[in-house]
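Based on the hints, put chain B in the right spot on chain A.
2 protein chains.
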Amino acid sequence: MVTTTRSPRTRPWRSASALPVRDIPAWQAERDTAARRVPLAKPSPALPWGDYRPKAFEGEVVPFRVTAFREGHDRIGVQLRLFSPSGDESLHRLDPLEDGFDRWEAQVALLEQGIWRFRFESFGDEFATWEHAASLKIAAGVDAPLMREIGAQLFERAGAEKGRPAAERRSLAAAAASLRDAGLDDAAALAIVEDPAIAAFFRHRPVMALATVGDDLELLVERERAGVGAWYEFFPRSEGARRLKDGTVKSGTFRTAAKRLGAVAEMGFDVLYLPPIHPIGRLNRKGPNNTLDAGPGDPGSPWAIGSAEGGHDTVHPDLGTLADFRSFVRAAGREGIEIALDLALQAAPDHPWVAAHPEWFTTLPDGSIAYAENPPKKYQDIYPVNFDNDPVGIREEVLRVVRHWVAQGVRIFRVDNPHTKPLQFWEWLIATINAENPDVVFLAEAFTRPAPLQSLAAAGFQQSYTYFTWRNTKAELEEFLSSLAHETADFLRPNLFVNTPDILTEYLQYGGRAAYRIRAAIAATAAPTYGVYAGYEHYENVARPGSEENIDNEKYEYKLRDWAGAIERGDSLAPFLRRLNEIRRAHPALRQLRNLSIHWSDDDAILVYAKHLDAGLSPDGRSDTIIVVVNTDPHSVRQTMVHLDTRVWDVEPGEAYEVEDLVTGARWTWSDHNYVMLDAFTQPVHILHVKEPA
Amino acid sequence: MVTTTRSPRTRPWRSASALPVRDIPAWQAERDTAARRVPLAKPSPALPWGDYRPKAFEGEVVPFRVTAFREGHDRIGVQLRLFSPSGDESLHRLDPLEDGFDRWEAQVALLEQGIWRFRFESFGDEFATWEHAASLKIAAGVDAPLMREIGAQLFERAGAEKGRPAAERRSLAAAAASLRDAGLDDAAALAIVEDPAIAAFFRHRPVMALATVGDDLELLVERERAGVGAWYEFFPRSEGARRLKDGTVKSGTFRTAAKRLGAVAEMGFDVLYLPPIHPIGRLNRKGPNNTLDAGPGDPGSPWAIGSAEGGHDTVHPDLGTLADFRSFVRAAGREGIEIALDLALQAAPDHPWVAAHPEWFTTLPDGSIAYAENPPKKYQDIYPVNFDNDPVGIREEVLRVVRHWVAQGVRIFRVDNPHTKPLQFWEWLIATINAENPDVVFLAEAFTRPAPLQSLAAAGFQQSYTYFTWRNTKAELEEFLSSLAHETADFLRPNLFVNTPDILTEYLQYGGRAAYRIRAAIAATAAPTYGVYAGYEHYENVARPGSEENIDNEKYEYKLRDWAGAIERGDSLAPFLRRLNEIRRAHPALRQLRNLSIHWSDDDAILVYAKHLDAGLSPDGRSDTIIVVVNTDPHSVRQTMVHLDTRVWDVEPGEAYEVEDLVTGARWTWSDHNYVMLDAFTQPVHILHVKEPA
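Chains as they are written, first to last, in our numbering: chain A, 12 to 705; chain B, 12 to 705.
Source of the hints: derived by calculation from the structure; they are not laboratory data.
The reader is advised that the hints may include incorrect statements.
Because identical chains cannot be distinguished in the list, a pair is counted as satisfied if it fits within a single copy or across any two copies.
What the hints assert, rightly or not - Below are the SDA-like pairs computed for lysine to any residue, each with C-alpha atoms no more than 20 Å apart in a straight line:
no., residue 1, residue 2
1, K388, G557
2, K256, D329
3, K389, E160
4, K53, R64
Keep in mind that this is a model prediction, so the values were computed, not measured.
Bound conformation, chain A alone:
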């Protein structure tokens, strides 16, 4: 049906509703009002506030929506005009959502990075108006000759339009003649009114009245990794660390850590995030379990950055040299893994910044520099940066640091606590770096209130940590996952980390091994980006008493783990993680953010959701549907009925279809109401693929 002049191969979009590109016929522009002739309101994608562009990632299916209506009963049509960054122009027809709110939608997959322009166009749909009136009136014997003549004139106008294929023109002329043929009875005329072939001509090239053009809008499309990835986090100093005979530990290095890359790749992860790799302050260094008295063998927290050995632009000597780091990045690349570095803008008291630029910190009336604090507590291993004494100097220094790591091959930064630094600063930094290199991705670790968390995402962060770890019940997850997919997706991309060195939730502490499987399965399937911090495979679930983080935390010490032994003993989650990542790679529906739909079960712990991708929007041209049914109570065996709105994947209610459990390989015939039993201790989750009919 698509008739642009570009070859299908070079088209930078996929759409099931594309129209031939045509200019919209000029309607007299009385724009002395804010309202337009056929009103267009609340276009989306859009930000709920501020002057920011909405965003998407390469390959993302974006629902373009607008509120459109007109006075009276006449029918309207709405189309989307899209301009890709490289100048491709396309036109897509919107369909009414039939939700009672006059919302219209066209879904388009965007395949080109950069700033897209788009606008909505609305018009009186002459054919639809006539078809509605003519079919009712001719059937009722009211005004039949008049309705036939109006149709004939409409068909003639349509046939005369430039660019309409000759075959359509001939059909329309013949239909017009038939409508006027007094020898043809009204029943036959009615068949012409309702002829789907003719309706298709008009849907494809609508005859427009009152053609109305909406505002020019923009959408930023970033690279696929901004939206899709399986992240793994490890401390390079732990990978290859060895306990010496004297009981002390010799640090791992980039060289020893590189030996772990193969296993990370084998589990199927795409991104490896490293906590800060810089020299660690010696002044007031923290000991094990965040104690104040570090011993000589204690490595300190990597987030207490900077010592006489260097600051944010330097590699910790224990890890090796800058050349070793570059080798590590290259080795990861060979395994298909990108390295994400930490960007933590704070300094240990012995960071070189402190002596060279005391104005970058806060000096108190007693002449001392202010520590980080949460009154009355003080964190004496860290000075927070003051961004207001010398904002230009700080900007230049951070820009220099980020450019330095970009020059070493880094394209992803995980930003520590961005909500403790000015929002303006991040907006400026990300825009500046992305102007030089649009591939650089920043992940915001903003564990804070919704307003600052969302503002950071809107202001430029490509990804955000979210409240995922604290959303564990069915009811919490239904609301949370739906909100991520439908309310904030125009500006916020979640990275669903299941744990971090800072977060070991009670759910994991007390949920046993089932909890680890449940959370990994949800994270890997509910959003296109998720993450796992090393040790999760080993069900490390002992917290420092009264806290929500691991005891003997890796932040303050080396962790020596027996990865291979745990797998051999069957004590590792790694095979399950590997299977999850395989499923993600095989199923494009799981690599989308906005295509999640919540379904239902009769059990208060059985969560049900689906991810669906239409054939016309899918990279391989085939529809893809995954149904996830998960027992969120890790201490129970549950059975229930599951209720599905199968129309989401184009199956009529009551119709049967085949599903395959992608974890176990089991197959069932399902319908819209299905029995499930989920045993948290053996199989807490079904990840079901809807098989296409043979």
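Same frame as chain A, now just chain B:
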């Protein structure tokens, strides 16, 4: 506390949070970002879409809200700078809503008509930050000397500020000296930190860091009647109509209808709305009950406008002359009643427009003019106007008609079916008329889907009919009334008509007399504007079978009603309506739109809501609180517990207070949980006034 230079009498606002007007100290403006230094987002009042101004009415209490936060833990302050149309500048402190979403609010009553400008200003609140840290740290014995010195420096800065009253300066200097006095122990220093008098100095004249100025925004304040009024509707031809000996009816006139004005005023109504008063078409005139064959004595529908006797600028000869109409308007004015005219832009086939301007209608291929229709039905007494053939000509003619009636003293128009005419047209018409005369009020009768209904309100209509008549259950009303008060109040003012000549809901048809009392009580108390169509007093509840409108509808015939007789027999709701309107006049809380809060009962039919007005925002400086408890099931006697969030009216949970039932005069001592019994057949509703403690 307020220290503007204007006298309190001339101040065009009321506010409990006013600050002395001061310029905000200049902070270095790095506006190369959309984000501001102390971010400000989602300001309101605001429209959810489009380029329209939000609106309020004179005397309305408007919640000004904004999302504001800053990085880290330091405290912020937010203020609102308001400029009245006449140039009054004022400053109001916002308080955090403590809702977890970083929303801040100041409520201000606006007392001047015209376009107000406003902006939000945010800043680091140096005192609040210090007070928080100092109170915790001094109490914990951490950094006490340092915190005392920081405070002393802050007090000195504050004392040095221009405009601070001498007494405050002295107190601050003394406090600074005490903080520095080594002889004063930390417990005494802590008392200074926590001294409410000092906190009040800083609240009133905050010491600001990073002062940030938000966008300039606008708010249109219209006259009070745009937002507040009790409407009554009657057909003037029925008032004073007489049945002659031959069985035909002699039409009432403006002179006879004027005799009814006293009774309407006595019931307490402010606005009298008249269906169209113009000549009625004779071609295809409708007979009783919308039949197609009008007899010679049938007056026809007033909405079939125009005949040889004239069109939209003419008075129906049966009603009298234009001079009679002017007398009627003046007589109404003497009773404190404004006249609202109907504006129905459509024509009977014999309207003078049809011959003079066939281009204002739609001509079909057979040369005929298109009737109004809902295919396959046709309405042969009405031609709809086509606004697109000669948009300029139509605009000029309608402008002429509206100006004509404005010249006769009309300031309110009830617009018939505005959703069947272009949105652009209304936006232009209302803006044009209001530019000449800002007192003119337009009420939209847009019984249609939410998008066009809300768009008409946003585009300029001062008032809107709503879905009120179809919201009858407790659950429906909770959602509906809350949405009117809180979601759409920035642009849509509801007029809660309980019935119309077109709407007699099943609830009224089958709910008996109780239904009429219930609906009137809710309409009169839940929103500041409501309306009653004549006959409601007589419980006229017989519908044309299968329809939702009165049988023997007044649209097509005269109605001869015995108003006085019904009152004498005790068969009239008029005394109850009068009491409702007295209560509305006595209680300013009922003349506000946005101050409704939903409360709770254990019964699925007992609806509970309150309307509260703070003393500082009230015209008489006294707090006003009304609690409405209503049994929405007109067929039952119900008893239940009612649960109130008494903090809305500044009563602590569990505290006792007195309430008076304003309908019966009964008094009770209430608390946050109270027993009620509501007998639909005798007293279906409590309208309770919370008495101020003696």
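Okay, the hints, checked on the actual structure:
| no. | hint | in the structure |
| --- | --- | --- |
| 1 | K388 x G557 | within (17 Å within a copy, 74 Å between copies) |
| 2 | K256 x D329 | within (19 Å within a copy, 114 Å between copies) |
| 3 | K389 x E160 | between (85 Å within a copy, 18 Å between copies) |
| 4 | K53 x R64 | both (15 Å within a copy, 16 Å between copies) |
When each numbered hint is compared with the structure, no violation occurs for any of them.
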